[in-house]
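> Could you slot chain B onto chain A? The hints should help.
If you read the protein sequences in the order shown, they are chains A and B. Just so we're aligned: the first sequence equals residues 115 to 381 in the numbering used here. Just so we're aligned: the second sequence equals residues 4 to 252 in the numbering used here.
Think about it this way: if two alpha-carbon atoms lie no more than 30 Å apart in a straight line, the pair counts; the simulated BS3-like pairs of lysine-lysine are:
| hint | chain 1 | residue 1 | chain 2 | residue 2 |
| --- | --- | --- | --- | --- |
| 1 | B | Lys-153 | A | Lys-245 |
| 2 | A | Lys-147 | A | Lys-228 |
| 3 | A | Lys-147 | B | Lys-153 |
| 4 | A | Lys-228 | B | Lys-153 |
| 5 | A | Lys-245 | A | Lys-228 |
Don't read these hints as lab results, they were simulated from the structure.
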Amino acid sequence: MHARVEGVTRIYPGRSGQPPVNALGPIDLDLYKGEFLSIVGPSGCGKSTFLELLAGLAEPTAGTIEFEGRAVRGQVPEGVGVVFQEDSSFPWLTVWDNVAFGLENEGVDPAETKRRTDFAVGFMGLTDFAKSYPAQLSGGMRQRVCIARTLVLQPRLILLDEPFAALDQQTRLLMGDELLRLWRETGATILLITHALDEAAMLSDRVAAMSARPGRLLEIIPTGWPAERDSRIVEDARFGTITARLWTILRDESMKAIGRTESRESA
Amino acid sequence: MTRYAWMRLGIVVGAGVILEILFRTGVIPRLIMIPPSEMLASAWQILASGEFKGDFYFSLLNIAFAIGLSVAGGFLTGLAIYSVPLLRATLEPFLTSYSAVPPIVFYPMLIVIFGLNRIPQIIIAVMFGLVPMAINTINGLYRIRPVFLKVGRAHRVSALASVFRIQLPAAAPYLFVGVTLAVSYSVIGVISTEFILSASGIGHQISFAYDNYDNRAMYGLVVLLLAIATLLNSTLRYYSHRMLQRWTR
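Bound-form chain B, shown alone:
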């Protein structure tokens, strides 16, 4: 681990220790929260007992679907908009103003159309994740240095090979930003729809525990959810960092 990673870990552990002390000394009443040590114990208990195994499986599968569709769909959308001037002129303004629209408002309508199952949740998550991926794909393709394309032509690289051997690698730093955002937004989309209305899933169980004053289960699930999100993000960050190091060191 780098010096900065140790510092980040120190900040998290330090905040946990301070919270624990505030609980033990009665500064924070237990009615509001439970101490970090109990949150961790609850998280471990949930993992060991397999109590919410089905919910985790449900949410993680939804997240995986949403990430796959957001990344693939966002990339293809971005590529199409970049490549076809008519699409570019027509759709680009929509994309840039899309961030002002909260996709979650369409959830009730989607439940009416598809029923209370995973499909509306995945659609909402994809609506969250697809657009940042598309915008970053377009940005990445716009910023390819023209001389790289000239090198391709000077080497008689075919149009298809140019996409895979020059344009995609050249746009990779931007594509990676898009993937990172698509992953984060897919997690947010899935968990937030489960939170609002769902028959299963981590978000649904957190909401259920909250409604039933079951702080222990609720915080245990929150800790596990944070761990999953952090793991996903750290993995992407690691690979992104490795790639950028080659470009800039």
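Pulled out of the complex, with its shape left as it was, chain A reads as follows:
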């Protein structure tokens, strides 16, 4: 077991006399070493909150989270890397300096920093842009910079919070291939948060479907894909079956999420 989540909930205190908001849980989830697991769910169900709890960026109201047998609480453990939904590349640093950021922060030897940064930059296909600033790159390339910045630290668990949400469909498919290549070559465990059912179905070993708020895991579907796969797997008949199954589970939950939005707007 690589990471274990037991009875985790997250309740936000109510503002100005409002009742507390039950955002998440309770959730139980075992994450196996080296697997690729995606979590899908309707907007506002607490997917990103769950990722922040697992990363140690926030603390659960109740329950326990363990990574490699050690409790995670309020601090990102060594060996865990996070890639965020928004472009988080630092605009004041070049691509190379962005990628080297974590190593320099940890005081890694300069020669080692150079070797690992050059590798990560090359691995993500950014060698020709190493001296460019993020503002000179496309959205997809900037997200690759962020992935390289996480990859360079050689994390054993990579948490991705809708990293391709802002990209067009073709770029998303290609970035998905890059992610699968990264996963195979590093052997890291990957947890991907996404709202795209096809993306989850294509990339993952298992897909967990989450309910509308407060987010709970409704079902975990194993895809059965071989490790050697890429975006062409969308042609496989089983891809349609998995995506359809996910939609069947999530349709009612998405309706609930929309209904909640509508009632809020009309209030």
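Showing chain B alone in chain A's frame:
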């Protein structure tokens, strides 16, 4: 130089040429002003003779002190107000309404306390320059994208390293605006106090020449003062432009 820099230079030179023609044709009487060519000649003469060397040294040192104190003090004030919620709630309204207060009104009081020397002049200049620096520091820190701070936490960056490696660079465009304003206001603060009452300095010599109808010396000094202010401003503008280019191109 860029096309726009050439255009700006063209406007300045063109205005100088038009003024020169107006003097030479007698449209502007010499009693009011002297022609630009004589202003430049006088400025050159002042530089070559070293006549006001002591005054320049006095003013430039005061300006340097004022800039240093305004930038450092404004930054630390802004950082403290941003970081401590109690200070933020208490002092922020003061800062935003401070621009309505002309610090120069405190000059006579400061002369009584410290005497007629550089200290009251530097204090007034700092009163001019510190607040814009503090306001821009607070603005810059407020506008740091939260995801940058999350990246810092995800990389286990310490609180101190986060300030220097993430928060300051992220706030840099606003800090630079603050520095530019602090420099301009420091120059204005020093020269205006010298103008009102001082025993030396460029402002004092301009005022002295004005009182003695010495137009030549007065305009020569004004030209040199403008050159110093323009040089300071252009240098800051150059670095600010270079930095912003990285962020936006």
